[in-house]
Amino acid sequence: MIEIEEQQGQTIVRPGFDLVSHRVVELRDTILDLAAQGRQKVILDLVRVTLIDSMGVGVVVACLKTLKQRGGDLKVTTDNEDIIRLFNLLKLGYILI
Amino acid sequence: MIEIEEQQGQTIVRPGFDLVSHRVVELRDTILDLAAQGRQKVILDLVRVTLIDSMGVGVVVACLKTLKQRGGDLKVTTDNEDIIRLFNLLKLGYILI
Amino acid sequence: MAKNNLEASCEPCENGFKCRFRSSEDGIDFVEERVQVWLSANRTGADAFSIRLIVREALTNAVFHGNRNDPAKEVFFTLEAEPHLLRIQVEDQGQGFNWRDKVLAPLEPTAKRGRGLTILQTFSRSARYNEKGNVLTVLIDAEGVQA
Amino acid sequence: MAKNNLEASCEPCENGFKCRFRSSEDGIDFVEERVQVWLSANRTGADAFSIRLIVREALTNAVFHGNRNDPAKEVFFTLEAEPHLLRIQVEDQGQGFNWRDKVLAPLEPTAKRGRGLTILQTFSRSARYNEKGNVLTVLIDAEGVQA
Ligand SMILES: Nc1ncnc2c1ncn2[C@@H]1O[C@H](COP(=O)(O)OP(=O)(O)O)[C@@H](O)[C@H]1O
Ligand SMILES: Nc1ncnc2c1ncn2[C@@H]1O[C@H](COP(=O)(O)OP(=O)(O)O)[C@@H](O)[C@H]1O
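Chains as they are written, first to last, in my numbering: chain A, 49 to 145; chain B, 49 to 145; chain C, 8 to 154; chain D, 8 to 154.
Excised from the complex, chain A in its bound form (with noise of 0.2 angstroms):
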C-alpha cells in the first residue's frame, strides 16, 4: 500500500512496505503516475519503511532524475538512523530533508 497526500504543492508519498528486491517498481509506477500528472513535487516519507537495498535506492534515484527533468525535485524524509547512514553512506545525504 501506497499512501498519497497534497500538502501545500507538494505531494507526499509513503509506502507502506520496505523499498526491496523488485516491490520497488510499485513505488516506482506510482512516482511516475504523478509526474505524468503533473505534480512533479515529490516528498517520499519512509515512516513505515524498516529497510531499502541497492534496489530501493537505484528506484529512488531514478525517480529523482526523472522529476528533475521535468522541473520537479524529489526529497526523502525519515527519522531512521539506518536508513540516513545508507543514504550518507551512498553519497546520497543530499537527498534527505
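Everything labelled a hint here was simulated from the structure, so no lab data went into it.
Check before you lean on any hint, since a few could be wrong.
What the hints assert, rightly or not - In the DSS-like style, the derived pairs of lysine-lysine whose C-alpha atoms are separated by at most 30 angstroms in a straight line are:
| id | chain 1 | residue 1 | chain 2 | residue 2 |
| --- | --- | --- | --- | --- |
| 1 | C | K25 | B | K113 |
| 2 | C | K109 | B | K89 |
| 3 | A | K123 | A | K113 |
| 4 | B | K89 | D | K119 |
In this text the structure is predicted, and so the values were computed from the model without any measurement.
Model the placement of chains B, C and D with the ligands on the given structure of chain A, informed by the hints.
Same frame as chain A, but now just chains B, C and D with the ligands:
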C-alpha cells in the same frame, strides 16, 4: 620516524606518526625508495597510527599503484577499528590483510 | 511467508544455520526471515539493519547475477557465530566474475545501479570472494557473541 | 605545538568554542588540538576519530582549496554542542565552489585524490554548504550531549 624491517622477503614499513596532511610525504618517499631498491613487497603496519585523512589514504593508494606497476604489492595491517572502517567506507577494504 | 512454489530448506549447524533454495526472489525473502528469527533468538549485539541489508544484497547478486534467476540452480547460505563476529557465506552456481575489478568500480551516487558491492563492503567488517567469484564470505562485527 | 609563525586564536562560546587562523597547515593542527582538548573535557559520547577526521578534512579544504593557502586569508572554525549533536562550522575567504556537482562526484577507490567530500559525508550526520560554498556546516551524532 618510520621503522623498516625485513621479514620473509617482505618489507614491513611502520610509520610512527599519524598519516595526515603533507606529513605523509615522508612515508611516500620511504616506500618509493624501497621500490627503487627492488623491495616491492610492502606491508604497511599502522600499529602506531591513530588517524589517517584523505591525503594519507591518497598516498597509500599512490604507493600501491607504483609497487603494482613494478610487480610488487602493498598490504595494510591494523587492529584499529576506526581505520578499518575508513578503508571500508572508501571501498579500499581489499587492501587490508 | 509460505510460498507454494518455493523450494527452500533450512537446518541448524554449529553456532548458526544453513539454508539452500532454488533461484527465486521468494528464496531471498525466505532466508532473510530465517535470519531475523535467528537474530531475535540469539543475542549477538550485531546491527540488525546491516545484517538484513547484507543478506539481501548477497542473495540478490547470487540469484540474479550468479544463477541468472535459473530455478535449476541453487543458492547456499550459511550464517555462523564466531567470537565477536558473524560469518555469512553465500554460494551460487554461476560462472563467477571478475570481482577484483568490480569491487574497485567507482561509486556513482546518481547511477541507477551498481550499489550492491559498495553496500557489502561498507556495511561489513570484510566482504571477500573466492578466486572464481561464486562464493562470498562476509564478516560482521557482533560484540555480543562469545561462542 | 607552539609554532612561531602561527597566527591563530581560540575563545570559548556558548556550548563550545571558536577559533580563527591565517591559512597554514599548522593552523589545522592547532585547531585539531583544541578540539581534542575540548572533547576530553566534555563528555559528548561522540566518536573522537570521526570528529578529528571531519575537522581535518574541513580545514584542509578551507585552507588549500578555499583560501589557496594564502596567509592573508583566514579560516573561521566553530564547534558547538546541541542536544545529541555537535555542530562544526568552517568558513573560508575563498570564492566558494560548485559543491552541488562536487558532492555527487563518483568515489573512485583507486584515485590519488578526491576523498575529502566523501569522508565529510560518510562520517557525519550531515555536511552542507551555504549557496556560495565557502561555509561548511557539519552535524555529528553525540548521544552524550544534553545541552
Ligand atoms: N555472484 C555474482 N556472480 C556473477 N556476477 C556478479 C555476482 N555478484 C556481482 N556480480 C557482478 O558485479 C556487478 C556489480 O554488482 P552490484 O554492485 O551488486 O550492482 P548491480 O547488481 O546493481 O549491478 C554486477 O552487475 C555483476 O556483473
Ligand atoms: N572550501 C572550498 N573552496 C573551494 N573549493 C573547494 C572547497 N572544498 C572543496 N572544494 C573543491 O572540491 C574538490 C573535491 O574536494 P575533496 O573531495 O576534498 O578532494 P581533494 O581535496 O582531494 O581534491 C576540490 O578539488 C575542490 O575543487
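Please work out if B:K89 and D:K119 have their alpha carbons no farther apart than 30 angstroms.
holds, 20 angstroms
Restraint status (C-alpha distance of C:K25 to B:K113 at most 30 angstroms):
The given pair, whose Cα atoms are some 40 angstroms apart, is violated under the 30 angstroms limit.
Straight-line alpha-carbon gap C:K109 to B:K89, limit 30 angstroms:
holds, 24 angstroms
Need the status of pair A:K123, A:K113: alpha-carbon distance at most 30 angstroms?
Holds, at about 12 angstroms.
Going through the hint list in order, the structure does not satisfy hint 1, though it satisfies all others.
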